[in-house]
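Under UniProt numbering, read the sequence shown as residues 1 to 1253, first letter to last.
Keep in mind the hints are simulated off the structure, nothing from the lab. A virtual CB, placed ideally from N, CA and C, is assigned to each residue, including glycine. There may be inaccurate statements among the hints.
[Stated by the list, open to error] If you anchor each label on the Cβ, the simulated ranges turn out as follows:
(1) Ser908 to Asp1083: 29 to 35 Å
(2) Phe40 to Val640: 47 to 53 Å
(3) Pro969 to Tyr351: 32 to 38 Å
(4) Phe40 to Phe781: 33 to 39 Å
(5) Asp1083 to Asp541: 44 to 50 Å
(6) Glu181 to Leu576: 22 to 28 Å
(7) Arg397 to Ala692: 55 to 61 Å
(8) Val554 to Lys624: 43 to 49 Å
(9) Ile392 to Glu493: 42 to 48 Å
(10) Lys696 to Lys624: 35 to 41 Å
(11) Ile392 to Leu576: 22 to 28 Å
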Amino acid sequence: MIDIKSAFGPQPRPIASSDQSEQLGGHTVDNAKRTLNEYFQLHQMKNIEYNVKEVTPQQRFRAELKVHIKDLRREVYVQGESSTKKMAEICAFQIVRELFEGGKIAPYAEGKKARPSFNDVGWGNFLPDSARLRRTSLKPAEAMIDIKSAFGPQPRPIVTSASSEQLGGHTVDNAKRTLNEYFQLHQMKNIEYNVKEVTPQQRFRAELKVHIRDLRRANKFMCKANLRQRRWPQICAFQIVRELFEGGKIAPYTEGKKARPSFDDLTEITIKVPEESVRRAYYIASQCGITPVDPSSAMPYSPMSLIPVVPIETYSNVQRLPRQQSVPCSAPSDGFHSWKSRPLRAEEDFYGKNLTEVSEMLRARDAAKTLPQHIRNLRERLPVYQFREEIIQAVDRNCLVLIKGSTGNGKSTQIVQYLLEEHIKSGLGAAFNAIVSQPRRISALTLAERVAFERGESIGDSVGYAIRFDAAFPRPFGSITFVTVGVLLRMMETGLNGISHIIVDEIHERDIKTDFLLILLREVVRTYPHMRLILMSATFDVDLLKGYFGDFPVIEMNVRTHSVEHFFLEDVVQKLKYFPSPSRKRGDDDDYVDPMGDNFSERPLIAAHMEGMYTNLTKQALMKMREKEIPFELIEKLIVDIHQREQQGAVLVFLPGWAHIFTLLKSMQVHPVLGDTNKFVVLPLHSQLTSAEQHKVFEHVPAGMRKIILSTNISESSVTIDDIVFVIDTCKVKEKVYSVQNNIVHFATVWAARSNLIQRRGRAGRVRAGYCYHLCTRSRFDSLEEHRTAEILRTPLHELALTVKLLRLGSIREVLGSALEPPPRQAIIEAEKILREINALDNAYELTPLGRILAKLPIDPLVGKALVLASAFGIGDLMCSVAAASGFSSPFSMREMHSYPQMAFAGSRCSDHITVLTAFNKYVETSDFGEASIYKFCRDSGLSPTIMKMITEAKKQIKDTLISIIGFPHDCYAVPALSRHQAEDANLDLVTSLLVSAYYPNICVHRQKKIVYTVEKMLAHISSSSVNARKNKFKYPFFVFTEKLKTRIVQCLQMTMVSPVQLLLFGCRKVEAKSDSVVVLDDVFTLHVNAAHAAAIVALRPCIEAYLMRISLNPQFLVQQTAADNDLRLIVRELSSSNACQVLARGTPVVPSYQQIAQQFYDQGYGFGNPLIADPSHNNAVAASAQAWASYSNGMGCGAGPPVVNAYGNSAPTYEAFAEQVESRKRQYSTQNQEVDLNSIFLPPEPRRPKSE
């Protein structure tokens, strides 16, 4: 019992037991304190202070609690004394008991936090009836609210949860959120709630005055009741939401989901195209024999396509080359330069010598060499040396040999040397020319340098290389060239003439080009017995290869120079006694979802094998770690531990991508230990770095310093950094996955395969025993796939399909279907479909002249087609810059996104492509002043000099291909002078139009803020790196973008605003008129535009395609163009202008009323086509006039008398003949007494004659 002196009376009251707690709604002493605290928080009362003191030596405690309870309307003072320490809980329980019996709180819900409910602020419906009857603080009438608005003065009840179903789930609690989203969706002003206290008794008045377009009236709400102030905005908002829902203006509320803008609620844009531009477009189309579609009969239920059905000119007169069984190959021959595919010149070595003479010269040169003994010793100590004779004999006797050897045994540098040395020694040096392919540029370059060094030569003697943007070929005979796989495929286009051996290294990579190369090489070794093919890898499925190539010898070399000790995550954690800190730097990959399934599951990292082997601290640390994250903190601690142990050697850290490299690099720069630049050299290694920057990782550092390399899987194979001793492997890799269904590119961070981890492990231990730390658990390592999924199974195939046809290998489906692991049939069909749509393939799926050009360009075929058009329109240089930049990431650093320099390059244009183009042009101008100026410009502008340099090299390669190989005139690539005011530059307008051609169907419409909708009816977001990310209003809502990237959200990268006219001219496979003033693009975007004007613009598409075909057949045709070609170029420029159309207010009529115009003719006393009949009530004249005006407004010019016909006709007469025909009609229907300006009524004004360019 406790002694209580309070307003309850002096009688002691028993403490409730567990049996009695049911009578008190589950409230007991144990949970009373929590209940009371929540009650105080709910009612915004002061915190409770319990005063508990020990008053006697016999451990008796006295507690005091004094609080003011609003619902009890009195101050409560509780005092008790007992031998228990739970006096605070006991005192709290007395108040809780009173509140429950007074009906002020609900029963106790065990295990659930009591959250505030709207029903708990005045008239809750969760209390039992007996408790509700005791609540006399509110009168029943005050459960209603007083509303003075357009609804009328009658009070309306607030909806309870029981009746909310009648209003689609809308309640007071969610009304404010719903109304805010409604206002954002319709771009209305923000809501302002005015709440005031009007009486001292806490009565509040709230006012909300808004104009709702859908309700078409202004609504003012004045509400009064005895409720807390913070509820009134929700109550007022609810009244509007109720009206909107009952009026069918908003959808039912979806609980737990944010109401997003609906795709069906897209803004419909109303535009007007200048009539003069439309008439010029109509006239030029007629010159090409194209008649625009007449949309006068289009109806909403029967839409009409505006794309003219025109049989495009075929290439039947083009001579087709016969199909080849395989890529043509030949052995080295007299007087032929194998690497340059041409006869030897007089000034070149071995000119005029036959193969026997050349072989003797090579043997003499090698015999005269004196190599340092330490190089000989180094080569002989490599594990591969003991297999030298076996390899030479196997290659000599077999067309195909597989060499499988562990990493670090020297196979990449030594085997090709063994073959060359044996041929020279045996007097057959001139018959040997070997190509060695590598998956990456850095591998080809560094291996070439290493082999040349071991042979005591410089690059260009017996060893050379060929990579993108750079090449140094060796001598014509007895030589080796290291190439990337992409370069080798390019070499196959002209044939492998003068080649005797092909070595494909690292075939386990399974990239798309390597798999395609194996398709070609299988036919090569079957067709040409002299060719020798050597496949090499450290980890590959031998059975899979034998099933593909047939029976062939396999040489396995499982010997290493130095051992590598490896550890797993649990070993590292226990060794470092690591425990993750709550505020640790995390490399969380939540942005990426593994396409292969639950690859980063949240399962515990503790496995059965850990029992008894690892401490509890280690297990607890593992339980705190997540497999999704890159443990940057652990990596830093591990490097510090390595350094403190004073073990010499460089450290190589494998990370999934550039973002992770950048994050760890910045973190290490500010680290208290690793940030010391006198002790550590931290270098990134990534594929998008220049060759010079990549080469820095091979340089040795001074004594006392340690080199740390942060790399992607670029250094996983064929890269020997001889001072690497320690490897830290995050065990992850970033893969590019493309979804055909929704046109999304997804860079997924996934677990690497076991074979890849073994490859990474082999990077250590090159010069001494090494160590590898795999940051995954042993159980995770055992569960990984043995080999990675082939890239050919998950990427688009249209570029490969073009190469198949360029090499004349036959059916695309048959060739790609014969891959080591054939891609899905649907992917091959999709590739053929894309190539057909851009006219790269004809109806017989054979390569067109345009397709032949696209196959030779080192860029995506869709971008290549736009580049060919740009060359024809005189902006080839600008489009070359855009095409080159499309192959790399944004040159702007993340910290400079939305900075002044970036926005300055953008100017007034809402375009990321133009921003990069302008920055690149400025970079080129600055490069004339030297490297120092370039560095300063890039630093001040936030640009990456590395990416800018690579864009420069890519552009040079593209222009060289177009001019030297394809044959375009130099004049097509003159550098145009851009206007200082970019908004007025016609060249940039034309670039924007061609971006639509290059990236369609990557089209979206801006919805609100950063939200856009794509052609696939998918919600996406403007990328945060875009110059458009911080803009809310655009002249046109349409955008073209480079690609959709899926992270946490779907983002559109590299966006450029385009006009509706540009979409009609170069985009949208489907253009349909649903009436004379409504045109729908791709069943998605709706335009309110004169449908006849849209038809005239769309009619130019076949003209542009026919023009492109003539250029493809003979690019030199651009030197002398016809007047019709110049007319076409001018109208395309005119319609590409940013001012080519005018955006009108919604609801503005875009087509004149035919009856109004006809009535005007009637009132003037003239019918169109026949003199007016005397009877004014006769309707024939009005009907004839309406029909004639319909003909004119649909772009047909004028009528020619009943019946109304197209004045142009099918023969497409000249403008002069057309004008003469109209003059004849004017003379025929003119009167003697009244002058009528028929020219202004129904005759189109004469278009400006196109000026000769």
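Going down the list of hints, with the structure as the test:
no., hint, result
1, Ser908 to Asp1083: 29 to 35 Å, "holds, 33 Å"
2, Phe40 to Val640: 47 to 53 Å, "holds, 49 Å"
3, Pro969 to Tyr351: 32 to 38 Å, "holds, 34 Å"
4, Phe40 to Phe781: 33 to 39 Å, "violated, 54 Å"
5, Asp1083 to Asp541: 44 to 50 Å, "holds, 46 Å"
6, Glu181 to Leu576: 22 to 28 Å, "violated, 50 Å"
7, Arg397 to Ala692: 55 to 61 Å, "violated, 43 Å"
8, Val554 to Lys624: 43 to 49 Å, "holds, 46 Å"
9, Ile392 to Glu493: 42 to 48 Å, "violated, 32 Å"
10, Lys696 to Lys624: 35 to 41 Å, "holds, 37 Å"
11, Ile392 to Leu576: 22 to 28 Å, "violated, 49 Å"
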